[in-house]
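K.L.:
Let chain A serve as the given structure and place chain B on it in line with the hints.
Same order as they appear, the protein sequences are chains A and B. By this note's numbering, the letter at position 344 of the first sequence is numbered 344, and the numbering carries on one by one without gaps. Converting from the second sequence to this note's numbering requires adding 362 to each position, the first position being numbered 1.
Check before you lean on any hint, since a few could be wrong.
[Said to hold, decoys possible] If you want the footprint, here are the derived chain B segments under chain A, 3+ residues with CB under 8 Å: (1) 517-529; (2) 538-547.
[Claimed, not checked] Just some of the chain B residues that point at chain A, by a computed CB distance under 8 Å: (3) 532; (4) 625; (5) 626.
Calculated directly from the structure, the hints in this document are not laboratory data. Computed from a predicted model, the values in this text were never measured in an experiment. Virtual Cβ for every residue (Gly too), placed ideally from N, Cα, C.
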Amino acid sequence: MSTEITISHVSRSFNGHIVLDDVNLTVREGELLALLGPSGSGKTTLLRLIAGLDQPDSGSIAIGQDDATSRHPKERGVGFVFQHYALFRHMTVFENIAFPLRIRKARQAEIKAKVEELLKLIQLETLAGRYPAQLSGGQRQRVALARALASQPRVLLLDEPFGALDAVVRRDLRRWLRHLHEEMHITTLFVTHDQEEAFDLADRVVIMKDGKICQEGTPIDIYRGPANPFVHEFLGESNHLAAHVAGGMVLADAGFPLGSAELPDGPVQAYIRPHHVVPVPAAQGAWSIARIAATGAQARISLTRGGTALEAAMTADELLEAGLHAGGAVEVMFTGGTIFGPDGAGPVRLNTQKSAHKLKVG
Amino acid sequence: MASRFLLIVTALAFMAVFLLLPLISVFAEALSAGLGAYASAIVDPNVQSAIWLTLIIAAITVPANLIFGVCASWCIARFKFWGRDLLITLIDLPFSISPVVAGLLEVLLFGLNGLLGSWLSDHNIQIIFALPGMVLATIFVTFPFVAREVIPLAQEQGNDEEEAAVTLGASGFQIFWRVSLPKLRWGLFYGVLLCNARAMGEFGAVSVVSGKVFGETDTLSLAVESLYGSYEIQAAFAVASLLAMLALVTLVLKAVLEWLNRDELNAVKRKRTA
Numbered sequence: 001m002s003t004e005i006t007i008s009h010v011s012r013s014f015n016g017h018i019v020l021d022d023v024n025l026t027v028r029e030g031e032l033l034a035l036l037g038p039s040g041s042g043k044t045t046l047l048r049l050i051a052g053l054d055q056p057d058s059g060s061i062a063i064g065q066d067d068a069t070s071r072h073p074k075e076r077g078v079g080f081v082f083q084h085y086a087l088f089r090h091m092t093v094f095e096n097i098a099f100p101l102r103i104r105k106a107r108q109a110e111i112k113a114k115v116e117e118l119l120k121l122i123q124l125e126t127l128a129g130r131y132p133a134q135l136s137g138g139q140r141q142r143v144a145l146a147r148a149l150a151s152q153p154r155v156l157l158l159d160e161p162f163g164a165l166d167a168v169v170r171r172d173l174r175r176w177l178r179h180l181h182e183e184m185h186i187t188t189l190f191v192t193h194d195q196e197e198a199f200d201l202a203d204r205v206v207i208m209k210d211g212k213i214c215q216e217g218t219p220i221d222i223y224r225g226p227a228n229p230f231v232h233e234f235l236g237e238s239n240h241l242a243a244h245v246a247g248g249m250v251l252a253d254a255g256f257p258l259g260s261a262e263l264p265d266g267p268v269q270a271y272i273r274p275h276h277v278v279p280v281p282a283a284q285g286a287w288s289i290a291r292i293a294a295t296g297a298q299a300r301i302s303l304t305r306g307g308t309a310l311e312a313a314m315t316a317d318e319l320l321e322a323g324l325h326a327g328g329a330v331e332v333m334f335t336g337g338t339i340f341g342p343d344g345a346g347p348v349r350l351n352t353q354k355s356a357h358k359l360k361v362g
Numbered sequence: 363m364a365s366r367f368l369l370i371v372t373a374l375a376f377m378a379v380f381l382l383l384p385l386i387s388v389f390a391e392a393l394s395a396g397l398g399a400y401a402s403a404i405v406d407p408n409v410q411s412a413i414w415l416t417l418i419i420a421a422i423t424v425p426a427n428l429i430f431g432v433c434a435s436w437c438i439a440r441f442k443f444w445g446r447d448l449l450i451t452l453i454d455l456p457f458s459i460s461p462v463v464a465g466l467l468e469v470l471l472f473g474l475n476g477l478l479g480s481w482l483s484d485h486n487i488q489i490i491f492a493l494p495g496m497v498l499a500t501i502f503v504t505f506p507f508v509a510r511e512v513i514p515l516a517q518e519q520g521n522d523e524e525e526a527a528v529t530l531g532a533s534g535f536q537i538f539w540r541v542s543l544p545k546l547r548w549g550l551f552y553g554v555l556l557c558n559a560r561a562m563g564e565f566g567a568v569s570v571v572s573g574k575v576f577g578e579t580d581t582l583s584l585a586v587e588s589l590y591g592s593y594e595i596q597a598a599f600a601v602a603s604l605l606a607m608l609a610l611v612t613l614v615l616k617a618v619l620e621w622l623n624r625d626e627l628n629a630v631k632r633k634r635t636a
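Chain A on its own, in the form it takes in the complex (with noise of 0.2 Å):
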């Protein structure tokens, strides 16, 4: 039986705020896909349009094969992971993944084998008879997880997973989840606002923002070819410059060179991360190091000439080599870089001296 989702020109307000915007989108059977958007670009909405636990405005929703739409959501086989895990408080943790067997009238005995079998998975054995505020974060996480698998659904939706837990626990419990994905294989969609875990755990990741979906890919490939400066500046930090194209080569309003791109002339938008930007010693320098940020195997290095700033960054070893210090004159080389168009358009790769002969345009 198909396990794929497929949701089809999918729209859902509440009182005239658009929050999904005609969307569609395949989740492919046994893949684990990332939401990744910040707060409020709809994709929790849409995750409980596939539970059931929202109706779309219009716009269809499938499981497999049968238009699950107007289904009840306990006919929908999904298991819902919620954000705060929404554990029954007053039943223990042996009942909490009981209850959908409980339901269903199942045998003592097959509840017994289920739930023993489902603490073993989540390694949470010895607790079975914890209520769940005994708990912690994390241990409260899997037992919702072994309670939405309890009721066998066939496809898996979390909201969240990782939102309340720390970081630690978060990195463990990632690599857990990705483990448990891997031997279980049932379609996975989880929401997330964090692009290192949507990155990390995902097989690809969906960017939504303002209800629509902005790009979907693998993680690399989103990575590489950011669709728009939203999904670029959302993958994490970068340096945006106003620039301007002349002749094939891109210059920075502020009157430095970046590089080289296929664009016709005109003004376009730089975006360059911090690890993009080299800094290099130079005693007639334009630049000037304001402050060196070493925070453990990262260094940061602010720099400024005139009145514009970049960011760079680098390893705390290359920081050492490089002789660099708060307050030395330095000559800057741009490795790479993405630019964009007036209104959007675009990405077009930044060729640099050193990227050229390594990246393709892209």
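P.N.:
Below, chain B without anything else, positioned relative to chain A:
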């Protein structure tokens, strides 16, 4: 250190004078003429009838307000509807109105010269000066107890668990019995205890509508007053001691249930402070 000691002693002394001493004096006075006199005061047929009437009123009032409290909290926590704020305000009305006025309202409505009085007497239905009126007055006075305990709890807990239950395949009926009701059970329990205590102890409103026929429409608290009024002091205190025991039983019941469910309660408390 000294100030802490002083504070504790003050608090304990206050409790002793205002709570413990009256309680002891009730029992002391009730037993002042010996156990025999105490027993005969209680087995008096009129007192027996008052005990029964009190139990009957509570047995009707508590379930009625329990059902209402659950319905109100369900509506208020789950839906936004026109008149929702008005409903929340109205639930408090019995708290802010003097019970005597509540009793008079019943008389104005159901009494012989009241709004519905002639229709009721035409159909031979007696409400005022009879059990139905006393039950209605008690329901009115104890109306907020369950609802006030349960509504804030339901609002705080929100709707997440119900939604989770839906996605796990539960029907509306299953959600109500397995999720919504159990998660409110501590609120319901405290509400029922308070409601019961008040239903059995209510004086003002019931006194207006009862007509006070000793042995027929007297509840325990009305019996205390009529015995006291006829200078049967020891008998009045004997009956009063029954009401005091009811209060003690209520407290013990609460403590025992809390002890039996200490794991769950501690977990909930920890979550609240976290």
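K.L.:
For each hint, tell me whether it holds in the structure or not.
P.N.:
Comparing the hints with the structure gives:
Here's how the stretch 517-529 of chain B fares: 8 of its residues keep a CB closer than 8 Å to some CB of chain A, so the rule of at least three is met and the hint holds. Only when three residues or more bring their CB closer than 8 Å to a CB of chain A does the claim for the stretch 538-547 of chain B stand; here the count is 5, and the claim holds. Because the smallest distance between the Cβ of residue 532 (chain B) and any Cβ of chain A comes to about 5 Å, under 8 Å, the interface hint for this residue holds. Checking residue 625 (chain B) against chain A by beta carbon gives a least distance of about 7 Å; that is within 8 Å, so the hint holds.
Taking 8 Å as the C-beta cut-off, the interface hint given for residue 626 (chain B) holds, the closest approach to chain A being about 6 Å.
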